[in-house]
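**Q** The residues making up each chain are set out below.
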Amino acid sequence: DVKVTQSSRYLVKRTGEKVFLECVQDMDHENMFWYRQDPGLGLRLIYFSYDVKMKEKGDIPEGYSVSREKKERFSLILESASTNQTSMYLCASSLDLNQPQHFGDGTRLSIL
Amino acid sequence: AQTVTQSQPEMSVQEAETVTLSCTYDTSESDYYLFWYKQPPSRQMILVIRQEAYKQQNATENRFSVNFQKAAKSFSLKISDSQLGDAAMYFCALTGTASKLTFGTGTRLQVTL
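Residue numbers (the working numbering), protein chains in the order written: chain A, 1 to 112; chain B, 113 to 225.
I should point out that these hints are in silico values taken from the structure, not numbers from a laboratory.
From a predicted model like this one, the values you see are computed outputs, not experimental measurements.
Cβ atoms here follow ideal geometry from the backbone N, Cα and C, with glycine treated the same way.
One thing to keep in mind: the hints can contain errors.
[Claimed, not checked] Distance ranges between label pairs, derived from CB positions:
| no. | chain 1 | residue 1 | chain 2 | residue 2 | range |
| --- | --- | --- | --- | --- | --- |
| 1 | A | Leu112 | B | Ser142 | 33 to 43 Å |
| 2 | B | Leu225 | A | Glu30 | 38 to 48 Å |
| 3 | A | Ile77 | B | Lys190 | 39 to 49 Å |
| 4 | B | Glu173 | A | Lys18 | 39 to 49 Å |
| 5 | B | Ala184 | A | Leu112 | 38 to 48 Å |
| 6 | A | Pro39 | B | Lys182 | 28 to 38 Å |
| 7 | B | Gln120 | A | Arg44 | 36 to 46 Å |
| 8 | B | Asp143 | A | Glu30 | 15 to 25 Å |
Construct all of the structure, not just a fragment, from the sequences and the given hints.
**A** Here you go:
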C-alpha cells in the first residue's frame, strides 16, 4: 500500500511566520502535489512536482513556495503566513499524472 | 481549461437504499480520465472508482458504479445498498493525459438508519 505521510495533523502559527509543511511518500512516485481544501471550494492545487527539483504552479500558488530535494519528500512553504492561509492542506502523490493520486491525512493549519 | 461541477452540496440516503451523486465536467482534451474520491470525516481521501474516457463501458467497483455519458459530459456515481460507512464527502475529479487533476466542490453524503 502506498503511504503518504504529512508531518503534522494540526498546526497553529502566527501571522508573518515562515511555515513548513512536510510530506513524504514511500512508493517511489514521480509526481507529488499540494492542495488546499476549503468548504464549498473543493480542493485547489497549489503546486505540483513531476521530478526532483522540478515544480509547476497550480491554480493558487501566490504566497506559497515548494521544495523537492529528494524524490520522496515534497515540502510546502508559507513564506510569511497570513490569516487567509488558514485551511486544510493535503499532500498527494501519483505514479503518472493520469493515475489515481494517493493522499496523506491532511494538515489543518490555523494562522492567528 | 477544464472544469468539474458537482451541483449537490449535500445528499442523504437511508441505509440499504441506492443514491446517485451527480457530476458534470468540461474539457477540450479528447483523452482524459475521471475519478470519484471519498473523504470520510477526519480521515484520508481515497479513490472510489476510475473511468477512462475512451472506454464506453461504465466502471464498477463492488457497490459503486458510474454512469458515464461522454456526449453529455456527465459522470455520476451510484452507490447501491448504502452503508453507514459510506457517509463522507465525495469528490469528482478530472485529468487529461498530461494535465493536473481538477476537483469538483464535493457532495456531502449522509447515511441514515
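**Q** All the hints need checking, so say for each whether the structure fits it.
**A** The hints, checked one at a time:
The given range of 33 to 43 Å is broken by A:Leu112 and B:Ser142, whose C-beta atoms sit roughly 48 Å from each other. At about 45 Å, the CB distance of B:Leu225 to A:Glu30 agrees with the hint of 38 to 48 Å. With their beta carbons about 41 Å apart, A:Ile77 and B:Lys190 fall inside the hinted range of 39 to 49 Å. At about 43 Å, the beta-carbon gap between B:Glu173 and A:Lys18 stays in the expected band of 39 to 49 Å.
The given range of 38 to 48 Å is respected by B:Ala184 and A:Leu112, whose C-beta atoms sit roughly 47 Å from each other. Between A:Pro39 and B:Lys182 the beta carbons are some 31 Å apart, a value that agrees with the proposed interval 28 to 38 Å. Distance hint check: the CB atoms of B:Gln120 and A:Arg44 are about 20 Å apart, inconsistent with the given range 36 to 46 Å. Separated by about 19 Å at the C-beta atoms, B:Asp143 and A:Glu30 satisfy the suggested range of 15 to 25 Å.
Checked against the numbered hints above, the structure violates hints 1, 7; every other hint is satisfied.
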